[in-house]
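Protein chains in written order, with this note's numbering: chain A, 4 to 322; chain B, 4 to 322; chain C, 4 to 322; chain D, 4 to 322; chain E, 4 to 322.
Derived from the structure by calculation, the hints contain no laboratory data.
Don't take each hint at face value.
[What the hints assert, rightly or not] Coverage of chain E stretches by chain C, computed from C-beta distances (three or more under 8 angstroms per stretch; other residues unrestricted):
#, region
1, 161-173
2, 225-235
3, 245-256
4, 262-273
[Stated by the list, open to error] Residues from chain E that face chain C, not an exhaustive set, calculated with beta carbons under 7 angstroms:
#, residue
5, Val220
6, Thr276
7, Ala277
8, Gly280
9, Ile281
10, Gly283
11, Met284
12, Asn285
13, Phe286
14, Glu287
15, His288
16, Met289
17, Tyr321
[Said to hold, decoys possible] Computed cross-link-like contacts, BS3-like style, restricted to lysine-lysine with a CA-CA straight-line distance of at most 30 angstroms:
#, chain 1, residue 1, chain 2, residue 2
18, D, Lys293, B, Lys293
19, B, Lys186, D, Lys71
20, A, Lys318, B, Lys317
21, C, Lys293, D, Lys293
22, B, Lys317, A, Lys319
23, B, Lys293, E, Lys293
24, C, Lys319, A, Lys317
25, C, Lys319, E, Lys317
We put the CB at the ideal spot given by N, CA and C, even for glycine.
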Amino acid sequence: MFTVRHRPAHGEPENVPLEEVPRLLQSECALFLDLDTPGEEDLEFLRNHLHLHHLTLEDIVKQNQRPKLEGYETYVYLAIHALARNDDWQIEPVEVDLVLGKNWLLMCRYGAVPGLTNNDSFGERLDIGLTQGADFLLYTIVDIIVDSYFPIIDSMEEEIDNLEDRLLTNTSLQDMNRLLDFKRSAIHVRRAVGPQREVFNQLARHDSSFVRRDHVVYFRDVYDHLIHISEELDGLRDILSGAMEVHLSVISNQLNVTMKRLTAWGTIFVIVTAIAGIYGMNFEHMPELKWLYGYPFALGLMAAVSAGLYLYFKKKDYL
Amino acid sequence: MFTVRHRPAHGEPENVPLEEVPRLLQSECALFLDLDTPGEEDLEFLRNHLHLHHLTLEDIVKQNQRPKLEGYETYVYLAIHALARNDDWQIEPVEVDLVLGKNWLLMCRYGAVPGLTNNDSFGERLDIGLTQGADFLLYTIVDIIVDSYFPIIDSMEEEIDNLEDRLLTNTSLQDMNRLLDFKRSAIHVRRAVGPQREVFNQLARHDSSFVRRDHVVYFRDVYDHLIHISEELDGLRDILSGAMEVHLSVISNQLNVTMKRLTAWGTIFVIVTAIAGIYGMNFEHMPELKWLYGYPFALGLMAAVSAGLYLYFKKKDYL
Amino acid sequence: MFTVRHRPAHGEPENVPLEEVPRLLQSECALFLDLDTPGEEDLEFLRNHLHLHHLTLEDIVKQNQRPKLEGYETYVYLAIHALARNDDWQIEPVEVDLVLGKNWLLMCRYGAVPGLTNNDSFGERLDIGLTQGADFLLYTIVDIIVDSYFPIIDSMEEEIDNLEDRLLTNTSLQDMNRLLDFKRSAIHVRRAVGPQREVFNQLARHDSSFVRRDHVVYFRDVYDHLIHISEELDGLRDILSGAMEVHLSVISNQLNVTMKRLTAWGTIFVIVTAIAGIYGMNFEHMPELKWLYGYPFALGLMAAVSAGLYLYFKKKDYL
Amino acid sequence: MFTVRHRPAHGEPENVPLEEVPRLLQSECALFLDLDTPGEEDLEFLRNHLHLHHLTLEDIVKQNQRPKLEGYETYVYLAIHALARNDDWQIEPVEVDLVLGKNWLLMCRYGAVPGLTNNDSFGERLDIGLTQGADFLLYTIVDIIVDSYFPIIDSMEEEIDNLEDRLLTNTSLQDMNRLLDFKRSAIHVRRAVGPQREVFNQLARHDSSFVRRDHVVYFRDVYDHLIHISEELDGLRDILSGAMEVHLSVISNQLNVTMKRLTAWGTIFVIVTAIAGIYGMNFEHMPELKWLYGYPFALGLMAAVSAGLYLYFKKKDYL
Amino acid sequence: MFTVRHRPAHGEPENVPLEEVPRLLQSECALFLDLDTPGEEDLEFLRNHLHLHHLTLEDIVKQNQRPKLEGYETYVYLAIHALARNDDWQIEPVEVDLVLGKNWLLMCRYGAVPGLTNNDSFGERLDIGLTQGADFLLYTIVDIIVDSYFPIIDSMEEEIDNLEDRLLTNTSLQDMNRLLDFKRSAIHVRRAVGPQREVFNQLARHDSSFVRRDHVVYFRDVYDHLIHISEELDGLRDILSGAMEVHLSVISNQLNVTMKRLTAWGTIFVIVTAIAGIYGMNFEHMPELKWLYGYPFALGLMAAVSAGLYLYFKKKDYL
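Chain A with its partners taken away, still in its complex shape (with noise of 0.2 angstroms):
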């Protein structure tokens, strides 16, 4: 389902029938053209108003392929990753094709797109964008997208905060299962990233004649975005080692202080039956197994000392 925006020369921007479209790219004024979940027909329209190559009509159709930027005459072709987050922390790339023409730009998606169509500020810098050719209204989409990735990070970062709290005292399998999901939701990530700070690089560097002089520093801007991200992810990967680390180290001591505190019990009871051990012995002459209270006596000797140790032991914190 195509909508078109388009913004005259002298006038506000306005909604246009798709039917105006042949007769719009030939004037000088930008045209933004969103195609939600593209129809055989709507393709048929790309093909033949836009002068599609039919491999980027394939590149729309097939989805999840991996960010990249595509140089044909007539245009420039991007396959851009935005992120979706459940609510059970799993992040997955969405795909969103962009197609920069002299004057128009098209973009290709499937449904809603996080971070860009439920972004309040959507509209308004798309109009803003209108005014100052294709070329940065191709910019301002990615950098909507771009900055979308930031409250998922910061999210992350956060939880996974809470969590390394949580690991440090309990030892539950799930919170381990948890900071596995992170682990690959941070790869999911950084695998959105990474090619497209490729394909901004090569947009900010190659002398297009899509991308106006004055507006490739802008493009410059979104690729730091990206090395910043990936920064962070590097970031975020050292912490989620350092808490599997950690965690791992910590189960490895409970279990530690409970040994000790099963050998301090077995230390103590092994003493006892030395002493039953000696009182067990068959020799003739042994005075204590006459005594009339001889029995009591090591019960006592038992007790007194099984007591010194326990205390002891509690006061090494052996126990």
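Following the hints, position chains B, C, D and E against chain A.
Then chains B, C, D and E, alone, in the frame of chain A:
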């Protein structure tokens, strides 16, 4: 509450009343407007006389956003973070909003800005900056703010250093929590520094009409400072995770030492039990059982073996 | 075996017989020579008609050298590595030799080149490249080869991801060896990528008479791809060593859990032994010994203590 | 105390009395002023004849500040750190203040500067530098200082190398503390190097009127040296934390070896106890008890089992 | 001992006697002087005819200094390190001194230079270089030396790879020492590479009158090689410290396996002891004691419990 400082073409810098601002904006001389805790009428003033966009006014009112730079037609808007450190080593960002126009600089803040308003040379440097233009004034302020990061990071480093020593011998949970606090603080600083690096990179790269060509290099210097701070933070993070690892290892080793000790005592008493067991056997022909001093002999044997082992273990540092 | 592809100035690309090559080399049009498993007479042809230096011919015959670029007077020689992955995740480099002349490109290979000759769009892109000149043809080929690295690395990442999950619960030695295999594969890829980065850096920097000024930027893109791959490999290495560490920790913790359990059982039976030892003492005055139900009482005491401890240990997760 | 060195246009370098300085400042020839432990009247001289700003004078008097560069109207002020190493491997920074004017260089220091004033070729290089101008003189001094970092770092590396070997076998706490001392020293060096890198980056980048265009490249070299030192320090840090980890692992393993040994002995004596326990049972029908050599037989059995286990454990390296 | 190689303007390269050098220095053609183990009169020759500074002569005589570059008025002096590997994988630097004049290159060495003088194509490449000028000759030599680092690093990597596999199963101290040897070798290589990177960076950046403008790019290539080697060394270091960690973990786990086994045996015999203890109790009313087959029953019970536990532990992999 506005404080307006102005330096006439020939004369000393002086505070001027707010009413003169509209007239002075027409002059060539640089004007510095310091707005503490903006009220409704202050914002009205900004809208009417400095012609700030409503988005900028929103950004000024809304605090604790990401550091950012946004270019408008008649000014550049920057959100910068100063760092406040409370007694408990919690480090929190404090937002400062800066708006740079052709010949004026507006600083909006909510209360004191740590590292800036409490800096002794702030007033003096401000007056020097006024002679160099509004862009240099901007540089002066961000330079003071960024320089104020260093003592915070240095003292964090020292504090961590002390903590590390303690962690090598002491295993209290409190020090561990302290370590995690530092980790969190380092993340806060990193989050303030990262986007600001981008801000100054943009300022130094974009061909802005608000920054004089030969002043660009100063913003480059601030950018370098931030790069350097990033590196120090990376170093800090390494030190922190190293300290954590060492601490967990030390805990583990202390547990193992305890285990070793308990096991050594256990071994001694197992041997005592074995001797007692031997003389507790019911063989008819055991000459020692008939001895008059059999029992003292057995006890002596036990004592001798225990003492021997004790000394041996002591020597071998098992106990 | 030679396959020669040529595109006349006005006309479609077509395969031409080898005999026409000397004539076509004089023309302006780009010529692509694909040499599969060069024989003695093929080399003779290269020496006589393309005037390859004997060192180049040696390099072509000798396989599995380091990727490199060598400039000669009438051509540039490149050795590039494609990556072959067998079923067992062993990744091996496959050398492709490329020689770029004024208006021709020679590709020498031994058998199929994974990622290139089995790429569906190879033929199509080759024909497009023929219109752009021999240097663009070179770019086309290396671009396809380098792009074919990505799916290999991606699938390695996914496989490692799966392995990591298994390593958290399972401690079989086989998975461990799998991990080491991946580590080795990553080193192989890195060794192919590292020197190729240098090759394309040189190609993009040197003022070569064989590469058109405005095509240099394409080799820069390939260089960027390789940089990106290097980064992914670094990430992979981190993930691998992290997985190894986690795996070893998990093994260690499983051992400790076993120890804990054994020690807990040992502690229970030491206490049983202690009780038995008490009633095995030879005091003359031990009332319990005379009781009719003394023995069942002792057994009951042992059973009660054991059961109590068992339940307590179960609750405390010691068993 | 001032030492002033000057080289007339035609002639050899010579020391001149302080009184001639005002006259020589007017000439074209470079002038070097070495001020050791400035007193009140020395500062007066600097204020009156070199026209140093009172902030600069304060910086000169106040020691141990961060390395920095500050530009003034008639000179550039630099604070640089040399490194002093005491016998105990404690490395401390020593501040040197340098002020570069149009044709003069002032060096302020408090006592000897390690690596500079004790460098044999300092005097010779100074005289060479005098012919090249004051900026080259500055380069000469900072180059000598920065070069003096290398032997310190190299010897640290060697010392750590030795320490690492010792740490693999020895587990004394003293070596551990040594390691932490090195860590602290590395942080000190890093703190001196980091800001100096920025200083020379600024010097090489700013279009300074005090540094000749063709001398800028020399400060670039110093900058590179500092980058290289930073890398070496990063390497050092890795080595140090690796050594720490290895050391803690070795301690842990030594503890475990002890545990293994104790447990092996314990196992042997548990078995002895078990045998003794068997013959301590009170069954009426136990033929061995009646044997004449039952007791020696039991003792023999115990000895045989113990010896067998001992040999077995020895072979298996359990003991 | 001097070997002088010269290529007349029209003619083949040829060795010329030392006496002709002063005359040939006046000509335009490049001259290569190879000085093996300089004696007193050789140095005299260098001083008189090549006008080397006494500092340079000292540097030539003094071996094993840091790689460096020093510019003089009539020549540039470079100290470069080749790497010698003895059979025991000890890698030691071998210094080569190179002096580049206007149209001559002097190479001073003490004996064979590994990777250079034993390189088959050295002579051939030298003769090619002679036609391109003295600076290209310099490039040729350093290129061969730097290229000779790669096989050393590659074989180190492979050796470490083998070692790593062994370390996973074997715990001999010898392999551990081997690992530390590699670590030391890697540090040696790094120390040779680091400063050389700076040397070639300077050579490529400085506007030297001794290096032709269009040859600078070759030194840039050497610089890139060294960067690449640095990265490989970083990788190597990571692999080495990873191997160390894994090795220590494996040792620790093997110890734990032993502990587990001993503890399992101990547990079995504690239970046996407990049973024996029960039948060693002195109750008057213990029916089993009177049974004819009480004793065999008790022994059987012990055997059954032991066997059952043994099988259970075997199944659970505790033994």
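How the hints compare with the structure:
{"no.": "1", "hint": "161-173", "result": "holds (count 4)"}
{"no.": "2", "hint": "225-235", "result": "holds (count 5)"}
{"no.": "3", "hint": "245-256", "result": "holds (count 7)"}
{"no.": "4", "hint": "262-273", "result": "holds (count 7)"}
{"no.": "5", "hint": "Val220", "result": "holds, 6 angstroms"}
{"no.": "6", "hint": "Thr276", "result": "holds, 5 angstroms"}
{"no.": "7", "hint": "Ala277", "result": "holds, 4 angstroms"}
{"no.": "8", "hint": "Gly280", "result": "holds, 3 angstroms"}
{"no.": "9", "hint": "Ile281", "result": "holds, 5 angstroms"}
{"no.": "10", "hint": "Gly283", "result": "holds, 4 angstroms"}
{"no.": "11", "hint": "Met284", "result": "holds, 4 angstroms"}
{"no.": "12", "hint": "Asn285", "result": "holds, 5 angstroms"}
{"no.": "13", "hint": "Phe286", "result": "holds, 4 angstroms"}
{"no.": "14", "hint": "Glu287", "result": "holds, 6 angstroms"}
{"no.": "15", "hint": "His288", "result": "holds, 6 angstroms"}
{"no.": "16", "hint": "Met289", "result": "holds, 5 angstroms"}
{"no.": "17", "hint": "Tyr321", "result": "holds, 6 angstroms"}
{"no.": "18", "hint": "D:Lys293 / B:Lys293", "result": "holds, 16 angstroms"}
{"no.": "19", "hint": "B:Lys186 / D:Lys71", "result": "holds, 28 angstroms"}
{"no.": "20", "hint": "A:Lys318 / B:Lys317", "result": "holds, 21 angstroms"}
{"no.": "21", "hint": "C:Lys293 / D:Lys293", "result": "holds, 26 angstroms"}
{"no.": "22", "hint": "B:Lys317 / A:Lys319", "result": "holds, 19 angstroms"}
{"no.": "23", "hint": "B:Lys293 / E:Lys293", "result": "holds, 26 angstroms"}
{"no.": "24", "hint": "C:Lys319 / A:Lys317", "result": "holds, 19 angstroms"}
{"no.": "25", "hint": "C:Lys319 / E:Lys317", "result": "holds, 26 angstroms"}
Comparing the model with each earlier hint shows no violations; every hint is respected.
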